[in-house]
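There are 2 protein chains.
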Amino acid sequence: MSFESTPYKDKKVISIGIVSELTGLSFRQIRYYEERKLIFPERNEKGTRRYSFSDIEKLVEIANKREEGVQTHEIRKEMKQERTKSVEKNVLKDMLRGQFNAHFRNNNNNSM
Amino acid sequence: MSFESTPYKDKKVISIGIVSELTGLSFRQIRYYEERKLIFPERNEKGTRRYSFSDIEKLVEIANKREEGVQTHEIRKEMKQERTKSVEKNVLKDMLRGQFNAHFRNNNNNSM
DNA sequence: CGTGTAAGGAATTCTGACACG
DNA sequence: CGTGTAAGGAATTCTGACACG
Chain H
1 MSFESTPYKD
11 KKVISIGIVS
21 ELTGLSFRQI
31 RYYEERKLIF
41 PERNEKGTRR
51 YSFSDIEKLV
61 EIANKREEGV
71 QTHEIRKEMK
81 QERTKSVEKN
91 VLKDMLRGQF
101 NAHFRNNNNN
111 SM
Chain B
1 MSFESTPYKD
11 KKVISIGIVS
21 ELTGLSFRQI
31 RYYEERKLIF
41 PERNEKGTRR
51 YSFSDIEKLV
61 EIANKREEGV
71 QTHEIRKEMK
81 QERTKSVEKN
91 VLKDMLRGQF
101 NAHFRNNNNN
111 SM
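So the sequence lines, in the order shown, correspond to chains H and B.
According to full-length UniProt numbering, the first sequence is numbered sequentially starting from 1.
According to full-length UniProt numbering, the second sequence is numbered sequentially starting from 1.
Calculated from the structure, these hints are not laboratory results.
Every residue, glycine too, gets a C-beta built ideally from N, C-alpha and C.
One should not assume that every hint holds.
As the list claims (entries may be wrong) - Lysine-lysine pairs mimicking BS3-like chemistry, simulated, CA-CA at most 27 Å apart:
1. B:K89 - B:K65
2. H:K12 - B:K89
3. H:K11 - B:K12
4. B:K77 - H:K37
5. B:K11 - H:K46
6. H:K12 - B:K93
7. B:K11 - B:K37
8. H:K58 - B:K9
9. B:K9 - H:K12
10. B:K80 - H:K46
11. B:K77 - H:K9
12. H:K11 - H:K46
13. B:K93 - B:K80
14. B:K46 - B:K65
15. B:K11 - H:K58
16. H:K11 - B:K65
Unchecked claim - Part of the chain B face toward chain H, derived, beta carbon under 10 Å:
17. E21
18. L22
19. S26
20. F40
21. N44
22. I56
23. E57
24. K58
25. S86
Could you put the whole structure together from the sequences, leaning on the hints where they help?
In structure tokens form, the structure reads like this:
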């Protein structure tokens, strides 16, 4: 019923050069964070990496953590926790939507 | 008051190869439509073109028009009209917001 | 551990031009 | 008018490795 028709934020279309420009990180750093499983760019047929805006946001977060001296291993753990929280939030949202729909199931005939 | 903090849709970050993949158009066609002032990619320092998701949407529209046999010159005119309409719509929106704000100026103390 | 760098190769993109129609 | 293509050059990206610490 509810579609994400244009999730530009997650489309993997940006090359590493632009990502470097946008984040201020070196190619070496960007590739290394991939090696450490912090980001997951896609590849085109020829093997060049493609990143999304989400990846760029993640990289900025990573850069901040690194400046604080946090190791990639720790950052990885923290990001896993974030993902779990996010899943929980969605579960909660679904439950609320369920209640909401139940409540209005029988008297939703006028407003579109 | 209302900010577009992350207008990913208009960020010029995509190279012509990806645009070609996404639209199905050839490099030649994409560059030609720029020459005819239908799209306006940016350039990085070294001169390579960078497109936005908006540009890609425009290109798809252009491709559809071209298939119908519409010439680039006509397409250009049509797109100018679209822009004008869009401006008018915003003017209307601003007027409505003005009235809305005036109406609630004195009794907006509870709900955020 | 995290990052820099030189190395060699492969893929990308650019421009201006000739071609066809 | 709109698009294809071959041409030559410049810029981009890739991998694996050595280096420092």
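Which hint numbers does the structure go against, in order from smallest to largest? 2, 4, 6, 10, 11, 14, 19, 20, 24, 25
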